[in-house]
Amino acid sequence: MSVAPWTELPPEIIETISKRLTIYTDYLRFRCISRTFLSSIPKTPLHLPPQLPCLILSHQSFFDLSTQKTHLFNHPLPSHNRTRFCGSSHGWLVILDQTPQILLFNPITRVTLFLPPINTFPNVLSFDYSNIGREYSVRNPNGQLAYFDLKEMCNDFIRKIVLSSSPSQNDEFTAFAIVGCNDSNNLAFCKKGYNSWILLSEQEIYHFWEDVVYHNGLFYAVNKGGTIAVCDVEVPRVSIIRTTAPVEFYGDIFYTVFSGEELLLVTRILEQDFSDAGDMFVYRTARFEVFKMDWNLMTWNKIETLGDKALFVGGNSSVCFSANDFVGCCADCIYFTDDYSESNHDDVCGKHDFGIFRLRDRTVDPLLPSDSRNAFSRLGCPLPVWISPNPY
Numbered sequence: 000m001s002v003a004p005w006t007e008l009p010p011e012i013i014e015t016i017s018k019r020l021t022i023y024t025d026y027l028r029f030r031c032i033s034r035t036f037l038s039s040i041p042k043t044p045l046h047l048p049p050q051l052p053c054l055i056l057s058h059q060s061f062f063d064l065s066t067q068k069t070h071l072f073n074h075p076l077p078s079h080n081r082t083r084f085c086g087s088s089h090g091w092l093v094i095l096d097q098t099p100q101i102l103l104f105n106p107i108t109r110v111t112l113f114l115p116p117i118n119t120f121p122n123v124l125s126f127d128y129s130n131i132g133r134e135y136s137v138r139n140p141n142g143q144l145a146y147f148d149l150k151e152m153c154n155d156f157i158r159k160i161v162l163s164s165s166p167s168q169n170d171e172f173t174a175f176a177i178v179g180c181n182d183s184n185n186l187a188f189c190k191k192g193y194n195s196w197i198l199l200s201e202q203e204i205y206h207f208w209e210d211v212v213y214h215n216g217l218f219y220a221v222n223k224g225g226t227i228a229v230c231d232v233e234v235p236r237v238s239i240i241r242t243t244a245p246v247e248f249y250g251d252i253f254y255t256v257f258s259g260e261e262l263l264l265v266t267r268i269l270e271q272d273f274s275d276a277g278d279m280f281v282y283r284t285a286r287f288e289v290f291k292m293d294w295n296l297m298t299w300n301k302i303e304t305l306g307d308k309a310l311f312v313g314g315n316s317s318v319c320f321s322a323n324d325f326v327g328c329c330a331d332c333i334y335f336t337d338d339y340s341e342s343n344h345d346d347v348c349g350k351h352d353f354g355i356f357r358l359r360d361r362t363v364d365p366l367l368p369s370d371s372r373n374a375f376s377r378l379g380c381p382l383p384v385w386i387s388p389n390p391y
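Residue numbers for the sequence shown follow numbering that gives the first Met the number 0, beginning at 0 and rising by one.
Note that these hints are calculated values from the structure, not bench results.
As a list, the in silico BS3-like pairs of lysine-lysine whose alpha-carbon atoms are at most 30 Å apart:
1) K291 / K223
2) K223 / K190
3) K18 / K68
4) K301 / K223
5) K150 / K190
6) K42 / K18
7) K191 / K42
8) K291 / K301
9) K150 / K191
10) K150 / K223
11) K42 / K68
12) K190 / K42
Let's have the full structure, built from the sequences with the hints guiding it.
Take a look at the structure:
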């Protein structure tokens, strides 16, 4: 019995096979088999589940975790060292560039969108390019007036921005920001079509919110004390939940992420170490601790294992995956990137603090091969950030 070559398969069979593919790179390779395949299935797959994150190293390169390879790419974005990635959600980067503009960019589709600019936050009272070194005047939550230059606003004013959904998939997407300076900050949001941002937490002046995540129609922000702000932007309303935590509940940086329906809080503990050149002190990650919220008792409980899950934390909206679903992903691990060194003045040594923390034996393994670490841990590039490839 003769077997028909792949290139002669009927278009409906080709399409059926393509819908069984779950990895975006596999889908791309499948389309490229022949002209028949290219014409039989759409350029943009609409059936794909969330993809394993890759690490954006610079404006021209990213690291593929599944293949352990660094790839080059080009996109129409500024490439100087004034750029900062202040968020990554649903395959979109949030980019600042020492101007009032806040840019959304999808590296796969190359689509760009703009959020309302920085000077439209209600607590930003004025912006003037000619007032060099004091371009922005900002009213802090405690009511005091402060002045900031372009670099300070780019690096410090917006802590993180997360999206509720992909802007190209949902016209009702919401962008949610942690903004502010010094010892307290605000929560703010905007929706598609808004000309300015709306503050949610003006009355809560004593909370310094560390991280925020979106889940089932609500945004959840956390601070270092374990307090949770549940934010419903449709009302809008903020519900502050006071929690209790164990003695070992501490850390330098906090992240929040949902594992299924469970809310986790990840604490990152830093320690001083010598730089790779050995000529100065820098901060490096020593370990992580993970806590799970008990909604019945409003208590954070420490957990010792993530099971088959892997967490990805850093400047991105923190995400959780089942490691069994992806090649190259290890279970019971936290994949972390350097999302603090610019604000802590460690950037003189480059972007050095990223790796894989293994909860089982509490060790840190390198994330990148040595050649990639040497090539891209340097000045002139934004801090690396995780992004889950999204072709739409």
